[in-house]
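S.K.: Using UniProt numbering, count along the sequence shown one by one with no gaps and you end on 105.
Incorrect hints may have been included.
Here are the simulated distance ranges between beta carbons [unchecked claim]: (1) E28 to P75: 55 to 65 Å; (2) V96 to E44: 50 to 60 Å; (3) D47 to G71: 25 to 35 Å; (4) E32 to R104: 21 to 31 Å; (5) E37 to V97: 21 to 31 Å; (6) A92 to A39: 33 to 43 Å; (7) G62 to V98: 45 to 55 Å; (8) D47 to V96: 21 to 31 Å; (9) L31 to G73: 30 to 40 Å; (10) E32 to G73: 48 to 58 Å; (11) F70 to D50: 22 to 32 Å; (12) R79 to E44: 46 to 56 Å; (13) D50 to R104: 44 to 54 Å; (14) P51 to T21: 45 to 55 Å.
FYI, nobody ran anything at the bench for these hints, they're computed from the structure. These numbers come from a predicted model, not from an experiment. Virtual Cβ for every residue (Gly too), placed ideally from N, Cα, C.
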Amino acid sequence: MGQPTDDAKDRKASASTPFSTPRMVEIEAELERARAELAATVDELTDRLDPRTQAARAAEQGRKVVRDAFGSGVPVADRRRALKAVAVVAAALGVVVVLAARRRR
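Let the sequences and hints guide you as you build the complete structure.
M.R.: Here's what the structure looks like:
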């Protein structure tokens, strides 16, 4: 009664002996591709959501707006739009500074 049966021995042996079928190989390859895609997506999201990366992008966009506003060789319509954007940002910054100064008093 304490001895395992031949069926139990066969099941244990077959469970420890790896085997594969073409379908299993295909599924494993598909899983590996999915893992790689997921890792790439996570890396991309991490890069997009990184505060330093976002700050660098915003700074570059700001520099572009200033270049467009004050640079030569830029179409007049683009220059006007850029000047308006700079004016709006300057006004908003002024409002923030005034509100911060009032709060401190």
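S.K.: Now tell me if each hint is right for this structure.
M.R.: Okay, the hints, checked on the actual structure:
The hint said 55 to 65 Å for the Cβ distance between E28 and P75, and at roughly 56 Å that hint holds. Range check, V96 to E44: about 33 Å between beta-carbon atoms, so the 50 to 60 Å window is missed. Distance hint for D47 and G71: a CB-CB separation of about 29 Å, consistent with the stated range 25 to 35 Å. In this structure, E32 and R104 break the distance hint of 21 to 31 Å, their C-beta atoms being roughly 59 Å apart.
Our hint of 21 to 31 Å for E37 and V97 is violated, since their Cβ atoms are close to 47 Å apart. Between A92 and A39 the CB atoms are about 40 Å apart, so this pair conforms to the stated range of 33 to 43 Å. The supplied range of 45 to 55 Å is broken by G62 and V98, whose beta-carbon atoms lie about 21 Å from each other. Between D47 and V96 the CB atoms are about 29 Å apart, so this pair conforms to the stated range of 21 to 31 Å.
Range check, L31 to G73: Cβ separation about 53 Å, and the 30 to 40 Å hint is violated. For E32 paired with G73, a C-beta distance near 51 Å keeps the hint of 48 to 58 Å intact. The given range of 22 to 32 Å is respected by F70 and D50, whose C-beta atoms sit roughly 30 Å from each other. Between R79 and E44 the C-beta distance comes to about 35 Å, which lies outside the given range of 46 to 56 Å.
Under the hint 44 to 54 Å, the C-beta atoms of D50 and R104, about 33 Å apart, miss the expected range. Take P51 and T21: their Cβ atoms lie about 48 Å apart, and the range 45 to 55 Å holds.
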